[in-house]
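J.: If you want the building blocks of each chain, they are given just below.
2 protein chains.
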Amino acid sequence: MKQLEKTKLVFGLVWEISPSYFFLLFINSLGYSAQILVNVILPKYLIDGLMIKESLQVLFQWVLLIAIANLVLAFIKKTTKRFLDVKEKEVYWHIERAFAKKIMSVEYQNLEDPYYLDLKERASFAMMNQGAVYNLITNFLSFLNQLLTVIGLIAIMFRLSWILVVSLLGMVGITLFIYRAFSKYQQQFFADLLPINRKYGYYVGLSFEKNLHKDVRLYGMSPMLGDLVTSYNKEINRWFTKFHRKQGLYMGLFQVVVVMQTIFAYGFVSIKTLTSGISIGDLTMYVSSAVSFSSAVIALGTAIVSISQMLAYLEPFAELMNVPDEEKLQGDKKLETVETIEFDHVTFAYPKTDKKILDDISFRINKGEKISIVGLNGAGKSTVVKLLCRLYKPEVGSIKINGIDIFEYDHESYLKTLAAVFQDFKLFNFTIEENITCRPVGVDTKLVEKLIKDVAMEEKIKELPHGINSLFGKEYDDEGVEFSGGQAQKIAIARALYKDASLVILDEPTSALDPIAEAEIYEKFNSLVGDKTALYISHRMSSSVFCDKVLVIREGKIEAFDSHKNLMLDEEGIYYELFTSQAKNYRLEALN
Amino acid sequence: MKQLEKTKLVFGLVWEISPSYFFLLFINSLGYSAQILVNVILPKYLIDGLMIKESLQVLFQWVLLIAIANLVLAFIKKTTKRFLDVKEKEVYWHIERAFAKKIMSVEYQNLEDPYYLDLKERASFAMMNQGAVYNLITNFLSFLNQLLTVIGLIAIMFRLSWILVVSLLGMVGITLFIYRAFSKYQQQFFADLLPINRKYGYYVGLSFEKNLHKDVRLYGMSPMLGDLVTSYNKEINRWFTKFHRKQGLYMGLFQVVVVMQTIFAYGFVSIKTLTSGISIGDLTMYVSSAVSFSSAVIALGTAIVSISQMLAYLEPFAELMNVPDEEKLQGDKKLETVETIEFDHVTFAYPKTDKKILDDISFRINKGEKISIVGLNGAGKSTVVKLLCRLYKPEVGSIKINGIDIFEYDHESYLKTLAAVFQDFKLFNFTIEENITCRPVGVDTKLVEKLIKDVAMEEKIKELPHGINSLFGKEYDDEGVEFSGGQAQKIAIARALYKDASLVILDEPTSALDPIAEAEIYEKFNSLVGDKTALYISHRMSSSVFCDKVLVIREGKIEAFDSHKNLMLDEEGIYYELFTSQAKNYRLEALN
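Chains as they are written, first to last, in my numbering: chain A, 62 to 653; chain B, 62 to 653.
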């Protein structure tokens, strides 16, 4: 994307958030440059006054003027900076919020696409670690400050000689050229270092991750990890030794030019003092102008380089902000209740892969049916569910609900009709009630309490200090409660049931439950789910017995779709094999 | 801990890593202060030379001297800084490594103790986010730089008048007092803000976490999260508005004192110029001494405040480094093979909790026995395993292997006799082979290949681009391979089997496997485990059928410890209930 467009994107966002921000920026810059100019100009009069032995009163007036001017300008600078600091945070948060909102609303499949994941990572790295937005803004402020200062100083020095100005500009040009070359080298260096740093970061991180420690200890991996980290350290150190050598070279050159500039400024002004008889006050003024001038121009150049660098960092952010929202890619039909679900010759491979996970699948589910999906690991069971949740779009064929392609329904009403507990479901650091309702507290406490009873969590919740208002999780509050895997799963099931959706999907709903809790849930399931349509995926084959029909998937194709009873008739079928391979261990007991 | 002790700890670590570091620090400081002093003193001679209209040649010599002195000193500064930069990284890495090593070697139970977890978090936050070690070192450098500078400047100003020095010191004292007060306020402010910031961080983080997105989307939680984040933003903004107001006040005062100092310096030196007839060169020298002096003293004070702040940040790090290593807490007996395992009246509650997880448990396992541990969720099954792995120490009673308390065995030989697959086992971003051997590649490729065959992963591994040398995980390399839960579990089982341990522990070893893979593993288990002693925990009750004996735990007590066959005879027992509740669904089929 063009630099200009990115600048427009960021500053457009800032302008939306706070137009007064720009006004404050400008006032602050005026204060900044005015203070520098005042301290270049006013001392001249004091020194000239001293030279001609003015009265103490006059001299004192000059001292007072310098002091008051400094005080007033410093006040302006500090006050605007104070407001700017608050505004900067506000701006940063708004942009972060916009970023988070975008991530929550792009098509889900982007979030499993390595390209977008990487884009997101880089955008978020730029935002959080490189502080790109913050640095862009502060460098823009510095740019304004230095620009005004440079203009003022040039005006002063022009009074002495244009040769001084032009020569200084020339030398500053050389400085900036060196700086730019180094800056390019530096950028390349860090880009080259990135992969090594990532590995290093991963292995160092391992030592700090609590969840890994049992394995690390039992398998005695600490020396192996330590050696790896040390070897990456050494490699990175070799890189940096090279880098610092190069840096030394550039900085040496830089220093030579700066010293030359100082010699030139002193020399030029000294000669002028001797030859054209300007006063000692003028001498100090011109020398300090020249010195301030080069540092101001260098700061100006630095700001420009930094701005362009920050804009480069913001590239992935800008690209991400332009990814269309999921909602916009979907239709506007309203979905009320699910009457029929139809997979119509659906073929699907995950984006950017070749392997067909589902291969020409067709089946139909009617309202109120309880369907179990079974198959080997990797057969495509979870993919069926993900497609139905519209997390991905089938390449070939279509999925229809009530006879209409699911992508023709609008975002909101479609999601309302679905409730799901995924294998990797998550609870959030909200209260128990909020975790179930997914809304702020107090929405529907009675129903929540009933559901907690239904999933057999009543006793556990009663034990908690604040009942259903207890905070889940210790992420930011040590008082938060924690659940075992099975208990958390029960809360997730309650969440799915709370959402009054006409289609309930449960992917491995009881894997973490003990046999008795599992039996309880299964026994209650039909009453829990009521007349809703339900889809289950479970490795415990016994759950199929409860279902109206079983969808048997094998290597992406439908092997069979029938009731448990009928499927068991085919002793050659995979379903028979799956069921009996698990059942036989239990039957052993029956035979004993 | 005392400031001095922490300083000793950190500098002791630094001294161990690189004594030459301190030498470089000192040379760099000398260069730094010498440059400031040179630029205060030498211009005096140039200006005096101008005043008395010295020859251009003499003046040029002065200009040249200023330039060369600057160049040489800048060279010294830059060169030492370059080496220091490299050394600083080395020092940082060594300290990070020491930290990581400590975390990997403290008693495991510390890692589940909230106090130590918090300590670890804070220590790691200080290291990584606050850069405490780095800042301590750079501030120490700055402290040295400024100290030498201040001493030099005092020496110059004393030549003019001790009144100047004392008055300036007084005003600088006031400045530092204001700075210190503000710094205290600031520290308190951020401490108070911390809990709000943690919540804010958690909720913002949610939006970026890929694994949560399915739930966030399906339950329409985006607006709720957005509102929460905005409300925390607003709250934090209110805090910062207050903060910046206070900051404005302090900085205003600060500014007033600085301006007064400048007025005083100009005024005092001007009067001296008029009254005692010192030269204009001296005037500029003394004024610039005074101005440099206050900034140097302020920098010195800032460095001192920062050093004490960084030492405060490093408090948890220092505390953690003093936690004794696990190894040191254990005995020195060598363990060869496990002949018997005995729990002798073991009672256990997790550290800092009251609830007895195990309550007076006794049982004995003999060499070669295959034992299944069953019970409801939370009955204490995993705790038995954790105690046996010496991750915790029982409060009452003892665990004996071969008749000797397990804590009397030395660290290395004890861990060698154990292999375990935990419920939350982890694979690492190493090659497949390294994940199995936990050693660098090429140790025992044949055995690894055999084990892969044994756990039925041969085909999957063959498909991979580099076979067993393929990298697992995409953490730092997009080429890394990923496994399904079941496949990863198989590799973890292979890892446990690779370790030629005489006791194998499997906690929920087949939960993520499909029925056929599960049946395969079970069928092979006896041959896989061979004559090793084995402990299983599984919610799939059918696994008990394969075992010699079943340990039934109920609410922390042993309900029964017998063979499956015998246990099934007691139709009132919990084992019978557990088994039949799961089996009946499979038997339904047998009855149909």
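Among the hints, erroneous ones may be present.
Identical chains blur together in the list; that is why a pair holds if it fits in one copy or across any two.
Below, computed lysine-lysine pairings styled on DSS-like, alpha-carbon distance capped at 27 Å [stated by the list, open to error]: (1) K139 / K245; (2) K395 / K507; (3) K535 / K461; (4) K150 / K585; (5) K333 / K114; (6) K535 / K275; (7) K521 / K618; (8) K139 / K303; (9) K535 / K63; (10) K593 / K395; (11) K394 / K618; (12) K535 / K514; (13) K477 / K413; (14) K626 / K163; (15) K560 / K295; (16) K626 / K585; (17) K63 / K417.
Hint data in this document are derived by calculation from the structure and do not stem from the laboratory.
J.: Can you give the numbers of the hints that this structure goes against, from lowest to highest?
T.: 2, 3, 4, 9, 11, 13, 14, 15 and 17
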